[in-house]
Amino acid sequence: MHAALVTMATSTTDTQKDQFVEWLARIAASRDRAAFAQLFDHFAPRLKSFLIRKGSTAEQAEDLVQETMIAVWSKAALFASGKGSVSTWIFTIARNLRIDRLRRERSQLYTDLEDFDAPDETAGAEETLGRSQEDNHVSQALAQIPAEQRELLILSFVEDVPQSEIATRLGLPLGTVKSRMRLGYQRLRKLLEQMN
Amino acid sequence: MKISHHLDDATILAFAAGTVGEAHGVLAAAHISLCPLCRSRVKSAEQIAGAILADESEASVSDQCRAATLASLDAILQAKPAQPKPKSDLPLALSRILGDVSLRDIKWKTKAPGVAVFDVPLSKGTSTKLKMLRLGHGRTMPEHGHGGDEITLILKGSYHDRFGRFAPGDVADLDHEIEHQPIVDSDEDCICVVAFETKAKYKTLLAKLAQPFVGI
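First to last, the sequence lines map onto chains A and B.
Position one of the first sequence corresponds to residue 1 (our numbering), numbered consecutively onward.
Position one of the second sequence corresponds to residue 1 (our numbering), numbered consecutively onward.
Don't take each hint at face value.
[As the list claims (entries may be wrong)] 30 Å max Cα-Cα, derived DSSO-like pairs, lysine-lysine:
#	chain 1	residue 1	chain 2	residue 2
1	B	Lys-85	A	Lys-83
2	B	Lys-156	B	Lys-129
3	A	Lys-75	B	Lys-43
4	B	Lys-87	B	Lys-111
5	B	Lys-111	B	Lys-129
6	B	Lys-109	B	Lys-156
7	A	Lys-83	B	Lys-43
8	B	Lys-85	B	Lys-124
9	B	Lys-107	B	Lys-124
10	B	Lys-111	A	Lys-83
11	B	Lys-109	B	Lys-87
12	B	Lys-156	B	Lys-2
13	B	Lys-43	B	Lys-109
14	B	Lys-43	A	Lys-190
15	A	Lys-190	B	Lys-2
16	B	Lys-129	B	Lys-109
17	B	Lys-129	A	Lys-83
18	A	Lys-75	B	Lys-87
19	A	Lys-75	B	Lys-129
Just so you know, these hints were derived from the structure itself, not from any lab.
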């Protein structure tokens, strides 16, 4: 188990998050290249590292980083700040592009579901502000759940293999892996509810 | 549609991570499109990934990658328009594969009195299968232990087993070691879609005999 996974630093501040939302808004409103360059400089290195952890070579990771950031540019107007953080949104774009590349499943399954989640126009400004801090909340909540549950939750996103494969690699029964994931996910959701 | 049976947390996490098999992905998406609760659960799971990405360490990106990305922006004006949705009463995840097909147009293959199946085509190379089943009133699926992850989505009619009653929109997302014996309790046929792993082993001799017969 990677020690680095267990002690995650909360390196992104709330001010930064509002900044990401603002950059996206500027890209959407006026094709602002300077805002895009700043967004690229923040997210591209993180995305590359994330993809390498998922098993990509440096070259494959950079191809996907490029493709993802171009999609961020062209889809900026579709980002709804009330529905989650910029980093969550960028993760979903990268995930879908990666699925297309691996042709393991259909990314259209995910893009189709976005239509069922049309932005809620009744959400007030307060709600949006609360939502923009979600990454920090999730990071804090992750730090509070038992280590064995946290490790498996993180592995389920970092490892690009089915849960049965994670179980084999860890030498644990699949049932144990799943029940730890469930417990971790349930505890995390409870903690997030308390924070909001 | 009142939904009482939902996807397992482990399935929600795998779906959000993009590591679920093809058949299970189609089936999960079909349920999620019908179920606001599971949609919000997928969102929370994606937020975990977002937090991991936000806290990720930085790998240095080559100047070439940065320059190539910035240079290609001019050529891109708009995101690609979404593909029109097929005209169908099936969940979108299924009609994307089957096209403008309604539930009554399915080309069923009768396997036994009151038992018909239809294979939903998937990509070559997937180790999962997606099968539609049409079962008459009182029909019982052979008792089977699950050799792999299996998810069932009810589209029409209903059945019950020891976990309760399963009606349209409900999913039975069962762990691999769970055994159950669903019995159709609706007057009309029960139509469901099952995603399973092709390596799944059937347990009882009866089921082994019925497997080539029923075709699942």
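(request) Return the numbers of the hints above that this structure violates; sort them in rising order. (result) 10, 13, 17, 19
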